[in-house]
Every structure is written in C-alpha cells, then in structure tokens.
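The primary structure of each chain is shown beneath.
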Amino acid sequence: MSRRHIISLLMENEAGALSRVAGLFSARAYNIESLTVAPTEDATLSRMTIVTVGSEDIIEQITKQLNKLVDVIKVMDLTEGSHIERELMLVKLRAMGADREEIKRTADIFRGNIIDVTESTYTIELTGAGSKLDAFLEAIDSAFILETVRTGASGIGRGERSLKI
Amino acid sequence: MAGECLPARRENREIKVRKSAGWLPWHDFLTVTGQNDYPHGFTNELIFYQFMEATGAEIVVRCLAEEGVEFVFGYPGGAVLNIYDEIFKQNKFKHVLVRHEQAAVHAADAYARSTGRVGVALVTSGPGVTNAVTGIATAYMDSIPIVVVTGQVPTPAIGLDAFQEVDTVGITRPCVKHNFLVKDVKDLAATMKKAFIIAATGRPGPVVVDVPKDVTYHTTDFEYPATVEMRSYSPVVKGHSGQMKRAVQMLLEAKRPMIYAGGGVVLGDASEQLAELTRLLGFPITNTLMGLGGYPATDRQNLGMLGMHGTYEANMAMQHSDVLLAVGARFDDRVIGNPAHFAREQRRIIHIDVDPSSISKRVKVDVPIVGDVKNVLTDMLALLKQAKEKPDVAALNAWWTQIELWRSKNCLKYNRNSPIIKPQYVVEKLWEVTKGDAYVTSDVGQHQMWAAQYYKFDKPRRWINSGGLGTMGVGLPYAMGVQLAFPDAQVACITGESSIQMNIQELSTCKQYRIPVKVVTLNNRYMGMVRQWQEFFYGSRYAESYMESLPDFVKLAEAYGHVGMRIDKPEDVEAALKEAFSPALKERMVFMDFQTDQTENVFPMVEGGKGLSEMILAEEL
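Same order as they appear, the protein sequences are chains Z and B. For the first sequence, the numbering used here gives the first residue as 1, with consecutive numbering after it. For the second sequence, the numbering used here gives the first residue as 1001, with consecutive numbering after it.
Don't read these hints as lab results, they were simulated from the structure. You may find that some hints are simply not true.
[Unchecked claim] Computed beta-carbon distance windows for the label pairs:
1) N1410/B with E56/Z: 41 to 47 angstroms
2) L1280/B with S82/Z: 47 to 53 angstroms
3) S2/Z with P1339/B: 55 to 61 angstroms
4) P1156/B with S19/Z: 20 to 26 angstroms
5) G1609/B with E56/Z: 21 to 27 angstroms
[As the list claims (entries may be wrong)] Coverage of chain Z stretches by chain B, computed from C-beta distances (three or more under 8 angstroms per stretch; other residues unrestricted):
6) 20 to 31
7) 70 to 78
Because the structure is a prediction, the values reported are computed rather than measured. No residue lacks a Cβ here, since even glycine has one placed at the ideal position from N, Cα and C.
So here's chain Z without its partners, still in its complex pose:
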C-alpha cells in the first residue's frame, strides 16, 4: 500500500549534491512530491526534506539508496515517528471593492498575513501543513487567485528526536 512519507536528510553542502538526490529519484522512477533544501546552522551541511509516495518496499529502497550516496550523511523517515510538517505559501489575489474585506477575513481565519497590498491585489503569506494550504485555496474563489507559490514541506521530528551528526 502506498503511503506519503517525509524523508529528511543531511548531506554535504557541495555543488551538485542536490542533483545527485534528484537524479537518484528520476533514475529509479521514485516519486517526488516536493523537495526542499537549504544549508543548516553548520554551513558545510545541507538539510533536505523530500516528500514522496510509495509502498513500504519502495520507501525502504529509497532510504537505502539515499544512504548509499557518498555525499549523504544521515537519512531519517520522519513519518516513522511523530513529527511536525510546515510549508510556506505566497498567494497573490485579485482584491477589489467588497471582496477585499472577505479575503482578509478568510486570511485571518487561516492565520495568514497580508504582506503586500496594492489597490487591486493582496499578497498573502500562509504557513502550515500542506493540507491547510490546500484548504485555504479551496476556501478562496479561484477567480481571485492570480498566482500561488509554495515551498514544499519542511519537516522536523518532535521532542528529542533529531537529525544531526
């Protein structure tokens, strides 16, 4: 049975490291729903969060193959334990007349912030799990949406569970 997994990994912050991971997924026909990467507090390390879908066998292979990459230091399947998942979305909406108030109310309900305002548009910043961002988009009349940009999920284990070298 296929299930959504969030895989977190630490790797050397070196040129080409990202393409090794991306290349692995395409070469072995694994799914990538999203992939985010940035350096950590230690600038020699990059932390990557990959959201993928697959059966237990596939996920086992994915983690093994990731571990096999020479640049990869540690791999953790966050979905194996309790964890927190967050994604950032920026949405630009057509906001004119009476709609402005309605859009602001909806943004408030979702704890979004309006971060840019013009006479005819709002840009809203929203963070949360992917499903919350989906819900916001469903709550807004699609005719208002000018553009959306999402970062893909970042994840971290709860409590003492952490990924470090």
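With chain Z held as given, fit chain B onto it using these hints.
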C-alpha cells in the same frame, strides 16, 4: 621495435633506448638524456621529490604514482595535455595508448577485475568523456573499482559551450559510485585520494575525477595524504553478530539447502572462506555469471551456473531449496527469473551483501547480513565450528539424490558428431588446451554464455565479462587489461564476429604494446543471441541480425600485424588452439576465426519473465 612507442622526435635531443629481454616495449623503456630542450632539466627524482610546489598536472601524476598505479589506459587531447606532459617526464607507471576511450576504461576495468587493484583511465574532455561513458557504466553495473581522470575545459569556460565541453559530472552521475569536479588545485590531491578510497572500499565502483585544464597548470604545495576522512562515507565492514548466529542456526536446520554465490565473493576475495564453509556444510552451491570461479567449477558440490542459461540442476535446486544462502549476489532478473514465480516455493533466505540496498530489493529475505563478505563468512565459519548441532545428514543425502537426478539430465550436452564446428566444442577444447588455467574474457551474447557454461573456472578473477550492462565490445580491451597485468599468463578472448567488431581497432594497441592475447571468435555470421530470440519468440523473422559483409578476419589480423587463422572443420579446432597457445606464438597476438554452426542455440534457457524452473532444454525442441 621500440620505435613504435617513441614520442614524436625532436631534433636536438639524444635518445637512448635501454634494451631488455622482456617482450613488452617498456622493458625497452626510454631514457631521455643529453641536450635538454625542456624549460627545466628533468630527471624523475627531480620531478618527484625536489619541488614542494607542483602544478595540477604534476599532482595528478604524482598521486597516481603514490597509489602504486602500474598502468594508466588513456588517450590524450587538449584538456589533458598538461597531464600528458607530466606523464612523459616520469617512469613510475606506464601509459597505454588505446585507440578509443571506451577501450581505455574497459582495459582499466579488466585490470581491476583480474588483479583486485584499482584500474585507472585517463581521457580528455567532451568526446573523450562521452566515449568513456560506456566503459564507466559497464564497471558500475559490475561494481568494479576504477578511477577515471577526465580533462575538462578551463573553469572560466565551463558552462559557455566551450570546444570539447560536456557536463562530465552530470553525464556520468547515474553510472558512477561517485564523481568530482575539481575547481581548485588545492583540492586536487585530497580528491584523488578520496577517489581511490571510494572506488576500492565498500561495494566497489567507478569514480570520475574531472579536472579542468586551468587546474592542471595552477600550482600549490603538494602533499599526498595517507588517508582522507569522509564523514558521509563509512561502508559497513563487520556483519551483525545476532544475525550471523540466526543464519548459522538456519543453515544447520536446513533440509534442502542451497548456496548461491555471486560476484561479491570474487570482488571481496572471499572464495577461500566460501569454499571452506561449503565443504564444511556439504551443501550444493551455484555461482552466478559474475561469481564464476568463486567456487571451483570442477568440484562435485558445484552445480554450475544458475539463471537464464544456468544448468538444470542449479536452477531446480535454487527453486526447490528450503534454506538459501545468498552470498554477494543480488537476485538479478537474469538470475532468478520472475520473482513472483520464485516466491511460489517456500524458502528461508539468508543474504550477505556489503550493500544494504541490494538486500530485499527484488526478493524479500529473512536474515539480512550487511557486511564485507569475507569478514562475514569468516565469522560464520567460526560460529559453525563452535555449534553443537550438525547438518541433517539424512535430509542432505535425500536432497543430493534429488540433485543427482536433475544433474543426470546432462543439460549441457550437444551434438559432438556434427560436421560443422559446434561453438561449445571450441570452448571445451580451449579449456583442455589451456589446462583450465587461462584468463578468459568474453564479449556479450551466445559465445559469452557458452564460455560461462563450458570453460570450468576453478579460480576467482579468471573470468572477465560484462555481466550487468552486457556491453558488446568489451572482450578485446578486457583481454588487453588482463594480459598487461599478467604478462606471462594465457589470456583468451572468447568473442563473436559481431562483438569483436565493436572494438576491433584495439588490435592496433595490441600491436604497439605487443599484447599477445588469443582471440577465439565463434563466427556464426549472426548476432547469435538476437537470432536465437528471434527464432524462439519472433517466428524466425531474423530482423537485422545477420552480419553481412564480414571482413576476412585473417587478413584483418595480418593487416594489424598479428597472426590470423581461419578454422572451418571440427577436426582442426584442437590443433589450431594448440598452435595459438604454443611457445612459438607465445609473444604473438593470434586471431582465430572459428566458422561455427549458425543454428546452434544456448540451452538451457529460461524465457524472460518465466520462472527459474521453467527451462527450455535442448532435447525439447
């Protein structure tokens, strides 16, 4: 004949040639002395020890020397000219000039396969790299430790579509264990060290080091590190003791045990331990195509190769075993056939492999043991010797009775009275003439399977072929790599008229370096394996598998300066082989063109997608 390996002559230079008794040209290695028209006078000592500061090119060459590299197989070009200039000035290792970069990598690969040491190839940027890719992918699929140094356009030109530029790191990424682009000469020595460590340890594999031309003339202080720490790379060495105990217990409980040993045994130099374990237990054993020689083929406990063209007894024992010990093998599709069919029979599987990702990839296993095969087998042997229980002799006897019944089918029999040369017969005779002690390389196709089935390898590292990628054209460059590593050994390349043409230009390299390999061409005027599949599965519609307009191989061999033979009749086979391997031709490259039966097929055969026990046997047609 030393002139053949002379560099381009320059007018005001005196060249002394040191003569020696050896047959290889570097036994006549050049010493360049006298009026010296080089910017700095040189001797090797000076180059190697006097300058603390070194150019990138010197660093590459000195790193290779520090690694104890014997041979660098390569082909020069613009981006590597500085490196070649340094090679010219040294004599720590020999450079072997091939005729195509693919062959350079194959030869380095074969050197590694036959010696267990890291093979080295050197190619230029752009087309040098793309030509090398087939060789790199071939080594990758069979986990062969090689380091390929590639030239690259100067760093400021990277990404600007410069002349002979390709994204080497990008192109090779999916077919290397790891690769590096060295942008700073200060990183070069450490990167070379890392390349050798990564190539040789854990599950071995090819490593590419891409060196831009400007890096080769930039200078830095040179010191070759004894080792390099890599926090992200630490292959497992020792097996898990609890798992090994469970494994030993399981083996001792087995009623119908089977040992299935792959290329990991050969690569991990574990054949001694494997043999001891197998004999101690009295279990049947089978070798994969890559594992041939890992356990002696002539030993009674060996059921022969398994898989698509494996023996009846090996495949049946595999399918019907109740406990299976897989050692350095990966349950490849050509080995176990359809995994669903394989899983129909209940059996418990123990799997020893250095690469965790090989375990439970195609087949679920019960006892995974990750570790170096040699270490794990050594530890398991110790546990076995301590164990109070012994293998179940009654059950084993019954199992062997069943196996002998399967074996009595004599699945490798063929028509020995044919008026046309049977390819199997040639391989059998080759085995006899070489007393089973030759290094045998092969290309890919029917001849490869016949070589694997009929040449009984009793020692590891004697059988050199492209198992994973199935690269036609490897045979001749493989033979070169092996012969250079073992100048006194008998080296045969079993090939077909189609495969051999894929790297036929290397006959020229054989001439230049006097590499006396013996090419055994099983010439059936067809791409035999393609023809066989077309006969079986495509209604005998032989689309494009007939080899029209073949060259006269005898004349071709002679044109390249070698000995050519054409053999048409079965009664001439043995004499031709004896002559080729006779002392008179010991120093000559001999090309034997055996005109073999066009209709012969490889049996047994497991059709693609079928189960391992669903074999087509010769007699069933």
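| So which of those numbered hints doesn't the model satisfy? | 3
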